[in-house]
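**Student:** Mind the numbering: the sequence shown is residues 64 to 471 in this note's numbering, read in order.
In case anyone wonders, no lab produced these hints; they're calculated from the structure. Cβ atoms here follow ideal geometry from the backbone N, Cα and C, with glycine treated the same way. Some clues are possibly wrong.
Simulated restraints, written as ranges between beta carbons of each label pair [as the list claims (entries may be wrong)]: (1) 184 with 225: 38 to 46 Å; (2) 96 with 279: 56 to 64 Å; (3) 462 with 189: 16 to 24 Å; (4) 165 with 84: 53 to 61 Å; (5) 96 with 162: 35 to 43 Å.
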Amino acid sequence: MAHREFDTDEVTNWIRAAARPFDGSSPDAPLPDTLIDRIGDAVVVGLGTATRAAHEVAVLAHRVLRELVERKGFRALALLDDETVVAALDAYVRGGIGDPAALLRDAWVPWRTTETLAVLEWARAFNRAHPDDPLRLFGLTPEAAKLSHYALVSDFVAHVAPERLGELRAHYDPIITAHRLGEHIQRADGTHPGRPFADHARDALTLVESLPNSATVLDAARLILRYHESSLAAGGRDLAAEAVAAADRITAWHDATGQRIVYWEGMSNTVVAGRLTLSALAQEFPTTGYLLRKRFGAAYLSAGITFHDGRLRADLAVPAPAPEFADTVLDIPGHDGYLLDLHAPQPDSVRQWLHRPTRLRLIVGTYRPERDTDHHISGAGLGDWFDLLFRVRSVTPTHPLDPPPLTR
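Modelling step: build the complete structure from the supplied sequences, incorporating the hints.
**Tutor:** Okay, structure coming up:
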């Protein structure tokens, strides 16, 4: 599919004129007033990122969150993560309960960064200053297996059937590694030990079920099995069903509290698309953003954060996007960071381009530079997906927190 078969000069000139630059080097620098003006009476803002592994993207998302909370009265942050983990993070930001760095050890791997920790520490400070009007956090997925569940099952087997602990460890030792590096990524990297992790988890559950008095740990063993059965590697991820569940939880939270909500996620979830193609995962589905637009109308606002090039790890460089990607047209030399209101006045040629089906780069965990063009979303145009678009030019890696020990 060719996307630059027409003269893009008018589009480029419009972007250059409409772009509102901002300082991308400072986490405390103000953002353009266009953000606040465009938010208006939005009830839910989808804040979608093109990668979860870039420092500049994470810091910019944090800046947007701060603006929405401090200047527009948003009081809830929805995260696509285990509801019990996010509830613990909420307890920290509301009442200072727990160690935030330790709590993040149970979060989804991309959240285990110093950048996320900075968000939590800012939220805690905000809530100390606003005890009667705090920012809340809530999760959008059911409880998932954690390292503590493996330890619980292992301790039980060691107590009631120590002669079978080695058998259990043979199942759990390989698969617990998925809590640091997803099984699908291990397969892509060529580091996977071979046997499907769900098969190991299933055999471990069978072992536990055969032991006396195992009812106390069966829930943990079942959570572990569900975690691996529902993974991308096992083919158990139903992104359409996940989108519905997330939209339901966001809607229910707003109905119960009346709070305005920031939904911070990957842009494949937040964009408004009745049928989004996520190329790298070979899935098509209606997005959470689409469902929220159907429920809230114009009160759901879709904002995206994209980038041009950079590094996501010391050994993982992302090149400039392919010419056929919309990212290439969005690159404006001399603009290290800018905000674009896709509803700003525009000539017909620009309007047509904004609603022309295109590709926009999206980085997932299996990303490889040599297959850069495989990593994108498609199915509609920028003006269909987004209301606001933030652009940063070059990125550097996020800063991981120390990983938790893989205790069993």
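**Student:** In ascending order, which of the hints set out earlier in this document are inconsistent with the structure?
**Tutor:** Going through the list in order, the structure violates hint 4 alone and respects the others.
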